[in-house]
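Listed here are the chains, written in short residue letters.
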Amino acid sequence: MSRIRDNYKSSPAGRFEAWYKDGYDPMDDRMDIHIPTQTEEDYDPADVIAELDLEDTVYDRTANRALRISGYIYKILSIVLCVVMIGVLIWMVQYLPAFGQPDNPVNNEVSARYIGSGVQETGAINFVTGMILDYRAFDTFGESCVLFIATICVQILLRYDEGEKDPENVRRRHQAATDRLFEPKNDIILQKVSVVLVPLLFIFGIYIILNGHLSPGGGFSGGAVIGAGLILYLCSYGYSKTERFFTIRTFRIISLAALITYCLAKSYSFYTGANHLESHIPLGTPGAILSSGLILVLNICVGSVVACTMYAFYTLFRKGDF
Amino acid sequence: MSISVLFASHLEETVAMILFGIGFSLLLLNRNLIKKIMGLNIMDTAVYLFLTAKGYIYGRMVPILTDGITDPNAYTNPIPDGLVLTGIVVSVSVSALLLSLTIRLYDRYHTLDLDKIIMEWRKEEDA
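Sequence lines, in order, name chains Z and S. Going by this note's numbering, the first residue of the first sequence is number 26, and it counts up by one from there. Going by this note's numbering, the first residue of the second sequence is number 13, and it counts up by one from there.
Just chain S, same shape as in the assembly (with noise of 0.2 angstroms):
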C-alpha cells in the first residue's frame, strides 16, 4: 500500500503519524535543548491531531444542543475533545517546567548544547 492512498484515505491520521515522528526525531537527534522542548511540543500536537481525527463523523454537527435534538446520531463524539482539552494543559504545564530547568541550566553551564552539559557535568565530578 503506498503513502498516497494513506493519505486519501487517512490523511489526518497519517499526518499525525508523521509529525509524532518529526517530533520525536527532534527529540533524539538534536543537541540543543530549547529544540528537544520544541519536538515534545510538536508530538503533543501530533496526538491532539489524532484524537480529534477519532472524534469527527462525517456530516454531523459540533456537539452542542441546537433545535432541542437530542438524538445521539446527530452530533459529532464529544470525548475525545474532553481528552484533548486535558492534553493541552498537561502540555502546557510540562514545557513551562522544561523551559524553567532549562534556563536554571544556562544560567549553571552557559551552554544549551546537551553534551557540553554533560561534558561539564562529568568534569565537575571527576574535579
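Bound conformation, chain Z alone (with noise of 0.2 angstroms):
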C-alpha cells in the first residue's frame, strides 16, 4: 500500500495534487536564489560593532573634513536665505494696499457677482457655499477626490498585508495586533465624558452639513466633527465596538457612494452642453432648508467623505489598519 502511495505521490498527477493543496514548490530545490537563513545570532557582535566604526570613521561628520565643511556652508547659506526671505517678504508688505479698504483690487466684479445674483442663481444665503459648491463645485469635486486619494496612498504606505513574509514587517503587524489586543483600555473618564460627548459631536455635525447652505459651516467642517465624534468613540470604547457599525467595508462604500453622486451631480453639464444649462430641480426658497437645488447633496457627500477621511488617517496611523 505504501509502495503505491509513494508511486503516486512521486507522478506527475500527484504532483499536482499537491502543487493545487500548497505543499508542494515544483521549483524547490531547483532555484539558485535562496532566502538567506542566517540570522541575527550568526554574527560575531564584536565583528558588527568594528564594521560599524568604520563605517562611522568614513561617514562621520566630525572626521571627514569635507563634509563638515559642507554642513557649515549648508547652514550659513541657508540662515543668509531665509533672513533675505523674510526681508524681502516684509518690504513687499508696504507697497500692499491698505487693509480692509472696498476699492482694493480684490474686491472686484467677480465678488460682485456672485454676492449680487447668488441669491437667485444658487439658492443659497451663506454666498460662500453657494460659490464653492456651485459656481465652482468642480473645484470641491476635486478638493474631496484629493482626500480621498491621500487616504489611499496612506494606506499604501502604512497598511500591513496579511500575506506579508519579511520578518520587520511581521514584528510591526504584531505590535499593531498587541495594541488592538488590550483593548478597551476601560479608561472610566473617557468613556463616561464620550458617552456625553459623542452624541453631540454627530448631532453638532450633522447640523452643520444639513445647514451648510444657510450659516457658516458646509460639509468640511461638518465632516471634521463628524471624524472627531468617531475618534473619540474609537479612542474610549475600541474596535471591537467601532467595528460593529465602521469596517473598512463601510468607508469604502460610504466614499465611493458620496464620489460617485457628487461627480454625476455636477458631471452632467458636460454632457448637455456645459454653457446655460437649465437645472430642473427648483430652488425653493431662499432660507429654507431643502433650498438651493443640489448644494444640499453635495454638502451631504462631501460631508460624509470628510468624516471617512478623518476616521481613516486617524485608524491607518494608530495601527495601519482599519
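Everything labelled a hint here was simulated from the structure, so no lab data went into it. We put the CB at the ideal spot given by N, CA and C, even for glycine. Some clues are possibly wrong.
Claimed, not checked - Okay, the calculated beta carbon distance ranges per label pair:
id, chain 1, residue 1, chain 2, residue 2, range
1, S, N44, Z, A43, 45 to 55 angstroms
2, Z, L225, S, D138, 53 to 63 angstroms
3, S, I130, Z, F342, 22 to 32 angstroms
4, S, M73, Z, Y99, 47 to 57 angstroms
5, S, N44, Z, D128, 42 to 52 angstroms
6, S, I130, Z, G125, 38 to 48 angstroms
Both chains are sitting in their own frames, so use the hints and assemble them into the complex.
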C-alpha cells in the first residue's frame, strides 16, 4: 500500500495535487536564489561593532573634513536665504494696498457678481457655500478627490498585508495586533465623557452639514466634527465596538457612493452642453432647509467623505489598518 | 520704513510674512523630519492668514444674506474664504502623506534625522 502511495506522490498527478494543495513547490531545490538563512545570532557582535566603527569614521562628520565644511556652508547659506526671504517679503508688504479698504483690487466684479446674483442663481443664503458648491463645484469635487487619494496613499504606505513574509513587517503587524489586544482600555473618565460627547458631536456635525447653505459651515467642517466624534468613540471603546458599524467596507462604500454621486450631479452639464444649462431642480425658498437645488446633496457627499477620511487617517496612523 | 509702521498699517500681512519665514527656516534648518512637516504647516497657516486678510473689508458683514440685502457693498469678499478652504484640505492631505512617509523612513532607518537617513542610505548604496 505504501509503495503505491509513494508512486502516486512522485507521479505527475500526485505532484499536481500536492501543488494544488499548496504543499509542494515544483521549483524547490532547483532555484539558485534562496532566502538568506543567516539570522542575527550568527553574527559575532564584535565584528559588527568593528564594521560599524569603520563606517562611522568614513561617514562621520567630525572625522570627515569635507562633509563638515559643506555642512557649515549649507547652514550659513540657508540662514542667509531665510533672512533675505523674510526681509524681501516684509519689504514688499508696504507696497500692498491698504488693509480692509473696499476699493482694493481683490474686491472686483467677480465677488460683486457672486453676492449680487448669488441668491437668485444658487438659492444659497451663505454666499461662500453658493460659490464653492455651485459656481465652483468642480473645484470642490477635486478637493474631495484629493482627500480620498490621500487616504489611499496613506493606506498603501502604512497598511500591513496579511500575507507579508518580511520579518520586519511581520513584527510591526504583531505590534499593531497587540495594541488591539489590550482594548478596550476601559478608561472610566474617557468613557463617561464620551457617553455625553459623542452623540452631541454627531448631532452637531450633522447640523453643520445640513445647514451649510444657510449658516457658516458646510461639508468640510461638519465632516471634520463627525470624524472627531468617531475617533473619540474609538479611543474610549476600542475597535471591537467601533467595527460593529464602521469597517473598511463601510469606508469604501460611503466614500465611493459620495464621490460618484457628486461626480454624476456635477458632470451632467458636460454632456448637456455645459453653458446656460437649464437645471430642472427647483431652487426653493432661500432660507428654507430644503432649498438651493443640489447644494444640500453635495454638502452631504463632501461631509461623508471628510468624516471617513478623518477616521481613516487616525486608524491608519495608529495601527496601519482599519 | 520701520517695522512698527508696517505693524500699524499692515498688521495681518506682516505677521503672515513673518510666519512664512519661520516655517521656511524650520524647513531648511531643522534636521528632524517631523519638525520639517511642522514648518510646512506653519507656512500653510501664513498663507491662510494672508488670504483671509485680503478678503476683509472694514465695517462690512460676513458674506451671508442678512435682511434680504443683496447689495455687494454690504458684504466682505467671499472668494478668499473659498480659496482658504481649498488650501486647508490640500494641507491636511499633504501632511498625512508626509507623516506616513516619515513613519516608513523611521521603520527602516530608526531615526528621524534627515542627515543620518541620507548617511545610512549612502552606506546601503555603497554596500
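Let me make sure I understand: some of the numbered hints might not hold for this structure. Which ones are they, in numerical order? none
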